[in-house]
Amino acid sequence: MKSRLFLLNMWRKDSAESSGRFEYLQTLVTEFQDTDSEEAKEQVLANLANFAYDPKNMDYLKELQVTDLFLDMLTEENENFVEFGMGGLCNLSMDPECRDIILQSSGISLVTNLLSSRREETVLSAITILMNLTKASSRSEITDPAILQCMLRFSLSESPRLRNLAAVFLQDYCTEEQVAQAEQQMKGQQTAVGIPLPEDSS
Amino acid sequence: MAAPVSNSSGCWGVPEVYKHHEQRKVCISRPKYREGRNAKAVKVYTINLESRYLMVQGVPAIGVMTELIQLCALYGAVEEYRPLDEYPAEEFTEVYLVKFQKLTSARAAKRRMDEKSFYGGVLHVCYVPEYETVEDTRLKLQDRRRYILRAVHNKAKEKEQKESAEKEPTTSSDCTTSSATTSERIVMRHDKASGDDNTGETSNVSKHPSFPPLPLPPREYHYYGHKTQHGTVSTEDKMGTLHNAIIVTKQQPAPSSSSSQTYSEKHRLTSKPSVVRFVPRSTSLENRKRKMDEAAGHSMTDATRNTEPLIGPKLPEPPKLDMEDESLNTTVSLIRNTMKQVESVPDLKPVEKKVKPRRRI
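Taken in order, these protein sequences are the chains called A and B.
Under my numbering, think of the first position of the first sequence as 1, with each following residue one higher.
Under my numbering, think of the first position of the second sequence as 1001, with each following residue one higher.
Where hints are given, some of them may not hold.
[Unchecked claim] With a straight-line Cα cutoff of 20 Å, these simulated SDA-like cross-link-like pairs (lysine to any residue) come out:
{"#": "1", "chain 1": "A", "residue 1": "K41", "chain 2": "B", "residue 2": "K1032"}
{"#": "2", "chain 1": "A", "residue 1": "K62", "chain 2": "A", "residue 2": "I108"}
{"#": "3", "chain 1": "A", "residue 1": "K56", "chain 2": "B", "residue 2": "K1162"}
{"#": "4", "chain 1": "A", "residue 1": "K62", "chain 2": "B", "residue 2": "K1157"}
{"#": "5", "chain 1": "B", "residue 1": "K1155", "chain 2": "A", "residue 2": "G20"}
{"#": "6", "chain 1": "B", "residue 1": "K1159", "chain 2": "A", "residue 2": "F22"}
{"#": "7", "chain 1": "A", "residue 1": "K62", "chain 2": "A", "residue 2": "D72"}
{"#": "8", "chain 1": "A", "residue 1": "K41", "chain 2": "B", "residue 2": "K1159"}
{"#": "9", "chain 1": "B", "residue 1": "K1032", "chain 2": "A", "residue 2": "E63"}
{"#": "10", "chain 1": "A", "residue 1": "K62", "chain 2": "B", "residue 2": "K1140"}
{"#": "11", "chain 1": "A", "residue 1": "K135", "chain 2": "B", "residue 2": "L1141"}
{"#": "12", "chain 1": "A", "residue 1": "K62", "chain 2": "A", "residue 2": "L25"}
{"#": "13", "chain 1": "B", "residue 1": "K1140", "chain 2": "B", "residue 2": "L1097"}
{"#": "14", "chain 1": "B", "residue 1": "K1159", "chain 2": "A", "residue 2": "E63"}
Hints listed in this document are in silico derivations from the structure and should not be mistaken for laboratory results.
Could you put together the complete structure from these sequences and hints?
As structure tokens, then:
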């Protein structure tokens, strides 16, 4: 009898905790929108992106439309914003519902643009997001020849992480014919996808 | 060690220094409500950054590799490890590469060992995904996706159950079913807590001697701990990698005892189909010896037995002491033999006591 009461309390606590979590996440989103401090924004953004790693928070983050918040970051000038937003999307896109939200917000082109980022972490996120976004209806867009050529270049990269991730993309998400075709095209003309812009000389 | 042609030598090639190995500056401008328990840098963790491979920096160069790997093994099976001699290290410290069998183990080890003191040094532990092979990376992503899908699925189920429980909250059966998962979780947590206590003894005094049984308030750091707990509870095998404090470094067969081991291995291999079996030399020798013994036994029985007619129980043989070490065993037998020799000569001549002339000063 006693133990059952204990368990019941546990269960109540559990649900109380989850509503607390929602409120907390809401506070974060509010601070992000209200603050003018870039630094605070970066911190909150990183917090939210890390919360997106835990599937327990997925529903709250969806409800708070954090997916859109992350997507908004992809066109920011501040490279930290971009990196953290991509990290958040990388975490969120594992979830099928979030994947669909991203696809509906024309996420593929936003993410593809970031294959040319100078930051490795951002590029890695981009590749993983593209893999996560792949489903029957999006496959043709994601296995665009330009993206494949970019992955072929990455697969020759000096960075093992980039090399590995690009290899997984080419092996698991593209057909052999697609890869062969992209290789052929690469000999002819090059696309600019995934070539980092020159760093600002300061 | 010149050209970093690490492609050819696979993941154990020459290490390179990457930016994400560096310890980032701790963020000090966080408002109170967003402060975790520990000061942390602003960094986003994704599956790309995580890895079964950890790099441990700051290990004092005093020959404590075994101790380090034992400490690592408290968090899960270690598959491989090696010192990264070529990696730039601070003076009097060493850098090690440790590959865990499971990502969750690496995660736990990183969380528990990073910035902890170890034989007078402070460890810096970070993930090193650049040591992964393509296959490692592929599996890592697949596991992660599978975990998320399962979590989503479980959550949908839980919701259904909760809804049905809310409809009839008084019926006891619903209560037990809805809380069953929770209770299970609690038990697991307790298990884990006790496991962590064990680790606390051997490692340094842990800041978190045990996990609290209740869900934690939503703070960044807490959340992290909570998450990993949850992760190990629901995703990982029932054995729980974190409880498993055994080093699974592949036991290399000792060269001295190789004959018996290889025999048993070969036996296992060949025993299935009865093809022409290769009989190892050791067994054929054994067989021959047995045959010779038997032959000798028939002819020699009388001789051997009659030399000493035995009546009554034999004297107990000196207990065979196995010191589990060859050199120790040799020493033991050596001492035994010497003692026997000493005992067998009881009538020692009483040593003439030379009265030493005392020196006079």
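Taking the hints in turn, this is what the structure says about them:
1. A:K41 with B:K1032: holds, 15 Å
2. A:K62 with A:I108: Judged against 20 Å, a Cα distance of about 19 Å means the pair holds.
3. A:K56 with B:K1162: holds, 16 Å
4. A:K62 with B:K1157: Cα-Cα ~18 Å, so holds.
5. B:K1155 with A:G20: Answer holds: K1155 of chain B to G20 of chain A is near 18 Å, not above 20 Å.
6. B:K1159 with A:F22: holds, 16 Å
7. A:K62 with A:D72: Distance of about 15 Å is within 20 Å: holds.
8. A:K41 with B:K1159: violated, 33 Å
9. B:K1032 with A:E63: violated, 25 Å
10. A:K62 with B:K1140: Violated, at about 25 Å.
11. A:K135 with B:L1141: Judged against 20 Å, a Cα distance of about 16 Å means the pair holds.
12. A:K62 with A:L25: holds, 11 Å
13. B:K1140 with B:L1097: Within the cut-off at roughly 18 Å; holds.
14. B:K1159 with A:E63: The hint holds at about 16 Å.
Of the numbered hints listed earlier, those contradicted by the structure are 8, 9 and 10.
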